[in-house]
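Given chain A, put chain B in place with the hints provided.
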Amino acid sequence: MRILVITMLAVGALAMPARADVSDLEEGFPTALTDAYPKEYLGREAQLVNRFIRTDKEEDGFFFEPRLEFGFPRNAQISVAVPFRAGELEPDGLGDVRVEALYNFNQETLGVPAVSLIAGLETPTGDDSEGVDPIVGAVFSKTLGRSSLLHRLHLVGRYQFNSEEQADERDGRYEAVVGYSRRVSPQLFILFDYLREQDLKEHEETNLVEAGLRYGLSPIWVLSAGVGFGIGAESPEVQATVGLQRELLIPYSSPE
Amino acid sequence: MTRTLGLLGSALCLLVGSACGGMHLEQRDRVTFMRGPHNYDFYSRHNDPFETSAAIHFAHAKAHDVLQLTPKGKAYYHDAAFNAESVAYTYNPPRLEPHMELYGPYTGRFLWQLYRAIDWTHVHHGETYDILSSRQIDWDRKKEWTDRQVRYYLELNDRARSPAPLDVTMRRANVMMKPYFGIFRSLYPQSTTYFYVAHWWHPAIYEAMMLGGNDEEQDEAVRETHEQTFSRVFHDRPSRMLLSREMMPRYSRLSPESANIFDNLHMIHGIAYAILAYEGWDEEQKRAEMYRVLDALGYQPGDEELARKFSLPYPDMDPRCYEGWMKGYEGEMNRIMEEMLREMWPGMSADGSSDPPPNVMHQLRLKLSPGYQPGEHPGSLHQALMKEYPQMKMDKEGMAPGKASEKMVRTMIKGWSEKYGNMPEVPPIAMTDEPSLRPAPCGPEERHHSAGRR
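In the order they appear, the protein sequences are chains A and B. For the first sequence, the positions run 1 to 256 when the working numbering is used. For the second sequence, the positions run 1001 to 1454 when the working numbering is used.
Extracted from the complex, chain A is given alone in its bound form (with noise of 0.2 Å):
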């Protein structure tokens, strides 16, 4: 909680003018809702996930996971991003690191979802962890209707491949959203989604549905806000997360 209350005061003093993208979901930001569209090109936004998890053993523990994200190249961004987690739950401390690419094939059309694909890599960072796993997904978002409430409907896929399986380990794992977003007002979007998702550990899945806000506090700025509850077992018993998405102003850049 400690770390919450912390994020809040840290938004608070932080706040200030800047053109981070409201209608852009990022996973994490605040539920694992993500959409088909990449940072602009040239882009830089600095990350931070905070999220409170209450387990379904009923231990409290805290997940940040700050991120650097780039718009490189044209229609595709690249993140590289530290887990860390602290309080009941385990393995504690700095997880493993990863660094993630999505690629977008297309702007939606009136038939045509948008489709994006993601791939990229988790090193072994953590403790107890081996081996570098692959991650390969898609990603397909698609406008719905002829509102100007930007109503959108996205499916995320995921699979991990753990190259040194461990005992009681899966040879892989799968992550699945199916989410909803729209513009409530200018600054504000709300988002909903189930996912599922399995763990390394065999016969282990989360289940969670989820809701979020995102808030663009200013040009530059954006601040989200969301909670999830689990279904069934090994799910966690409730979560909740603040993130913080800052456009970077530096290194100026210009052609001379």
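The set of hints was computed from the structure by calculation and includes no laboratory data. The beta carbon of each residue, even a glycine, is placed where N, CA and C say it ideally should be. Any given hint might turn out to be false.
[Claimed, not checked] Which chain B residues face chain A? A few, computed with CB under 10 Å, are given here:
| id | residue |
| --- | --- |
| 1 | R1030 |
| 2 | T1032 |
| 3 | G1036 |
| 4 | N1039 |
| 5 | A1061 |
| 6 | E1283 |
[Stated by the list, open to error] Quick look at which bits of chain A chain B covers, simulated, 3 or more residues with Cβ under 8 Å:
| id | stretch |
| --- | --- |
| 7 | 137-151 |
| 8 | 183-191 |
[Said to hold, decoys possible] Ranges of calculated distance between the beta carbons of each label pair, as one might list FRET restraints:
| id | chain 1 | residue 1 | chain 2 | residue 2 | range |
| --- | --- | --- | --- | --- | --- |
| 9 | A | Y252 | B | D1316 | 33 to 43 Å |
| 10 | A | G157 | B | S1417 | 54 to 64 Å |
| 11 | B | L1069 | A | L94 | 50 to 60 Å |
Frame of chain A; chain B shown alone:
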């Protein structure tokens, strides 16, 4: 690599099961803004005008879907409603700048390149306001940073608007005899004049900054100009689109490229709205025509050479004064339109006469005025002229979506070259000394007065 990825994308589309065959797939290809010490200084220093800009861009975005999705028979109703909604947004603006898709998602799904062009040029608007607002950029370095932004704008996005004057790009576009020309202005007069106010406001803010310099006088000039938008301009709207050379002569001398880019964007708004409001074409045909016009008003190599080929009708104007010449029909935009019709006329008249008859010119003037005027024929300009002059010769192919009469384009470009090719270039403006704000040179009837302010 890109081709391989494109093939992979097509394969994925087929997997989705949608009808990809025949669909026009394109990439988003959005680009971020140029980083510099000026970033977001307009937001920080002039927040009320920043929010007004956001409100105007809300209206631009939403207009696309309103016009595309509203049946012609309901235009009278939606014009009033949309104008009211846009004015309400301007008086109670959003805090952040929207991109076009945010309020016009339907049109974005079949005219994406239009949104790329508009959003990118709005970024250029924002950054050039930032540069002038920035106290960290000294007055004598404003041009250097503005030029740097112009280069960034032209080089990083292939949908950049042209830095050539509108006189040239409108002749390249050759839209006057298209079946949509005049439709938006006639059917949506209130919305049309809302955007005329917007296109008064945008250059007026630049010019206020040019009068005020970097110090507190800039705040004063911008505040007075901005307040006048609400106290006077919205209540007595311009009846034509004002060009940069009219409303921001000093900024046009500082950066003619940037000034022309804005004219070419503002013209794209008007043409896009007419195409969308026109019911005679389906979405594929509208896209073909819109993308043709985007190319014509877009950046083409060599356009920079023409950037200073315009004159300044009011070089000493003050944006704090809402003067009579800003409101009426007579002005640069309509001069260009009348010139183009005259240049085309020998190829359109039945007897090869060199000048259009007075009744033809009269219909043009009526069609260029917002709403239906007494004596104006309904429909497009072409329909109105055919009623006045039934024997008019028309190039049917040139009227088709996505096509242009190359002969007419050549004729008009030749006409421009003969009239203006050797004109003296508009002179640069000295930026060595920061200007000192003088009292506005206008009487109380032309000027907004804030209580307690000078």
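Numbered hints the structure breaks, given as an ascending list: Per hint list: zero violations.
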